[in-house]
Structures are given as structure tokens and as C-alpha cells.
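A.B. asks: Sequence:
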Amino acid sequence: MRIAAVLLGVVLAAAGGVIAYRALFVEPRVGVIVTESGVREFPNTLRVAGGVILLIGGGAIAFLASRRGRT
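For the sequence shown, the residue numbers in this note's numbering are 170 to 240.
No wet-lab data here; the hints were simulated from the structure.
Here a beta-carbon is modelled for each residue, glycine too, at the ideal position from N, C-alpha and C.
Be careful, since some hints might not be right.
[What the hints assert, rightly or not] Taking CB as the label site, the calculated pair distances span:
#: 1; residue 1: 222; residue 2: 198; range: 19 to 25 Å
#: 2; residue 1: 200; residue 2: 222; range: 34 to 40 Å
#: 3; residue 1: 206; residue 2: 180; range: 40 to 46 Å
#: 4; residue 1: 203; residue 2: 170; range: 50 to 56 Å
#: 5; residue 1: 209; residue 2: 186; range: 23 to 29 Å
#: 6; residue 1: 175; residue 2: 211; range: 34 to 40 Å
#: 7; residue 1: 186; residue 2: 206; range: 30 to 36 Å
#: 8; residue 1: 217; residue 2: 170; range: 30 to 36 Å
#: 9; residue 1: 225; residue 2: 172; range: 19 to 25 Å
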């Protein structure tokens, strides 16, 4: 059971990292603000936040599952 939890945590963390990376650097921007001085683009913040939450949650699951329990 612990091995399955560790693998699940690693998979969730990897998926979260990929989602956050793609939202920040690869996929097209969601919002664009055009001013006199230039153009500013904004990433999809909901997708970035979701990816970071998955990354942290998956890492926590893997870490807690890999620790030795009292039993």
C-alpha cells in the first residue's frame, strides 16, 4: 500500500509540474494589456495555481508515504 501511495504522489507531483511549466512558458498567454509603452502578456493564473497545488500535494503524499510509520 505504501508503494502505491508513493507512486501516486510522484505521478501527481510530476503532472502538476508539467501543468505549471506549460502554463507559464509554453502555452499562449491568456490576457494582453496594450499601453503606449508596450505590450504585456499574462499567463493563465488558474492553471498555474492548479499545477503548483498538484506539485506540492503530490510531493507531500510521496514524502509522507515514504516515511516509516510506527507499525
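A.B. asks: Indicate, hint by hint, whether the structure satisfies it.
C.D. replies: To see whether the hints hold, each was checked on the structure:
no.	hint	verdict
1	222 / 198: 19 to 25 Å	holds (21 Å)
2	200 / 222: 34 to 40 Å	violated (21 Å)
3	206 / 180: 40 to 46 Å	holds (44 Å)
4	203 / 170: 50 to 56 Å	holds (54 Å)
5	209 / 186: 23 to 29 Å	holds (26 Å)
6	175 / 211: 34 to 40 Å	holds (36 Å)
7	186 / 206: 30 to 36 Å	holds (34 Å)
8	217 / 170: 30 to 36 Å	holds (32 Å)
9	225 / 172: 19 to 25 Å	holds (21 Å)
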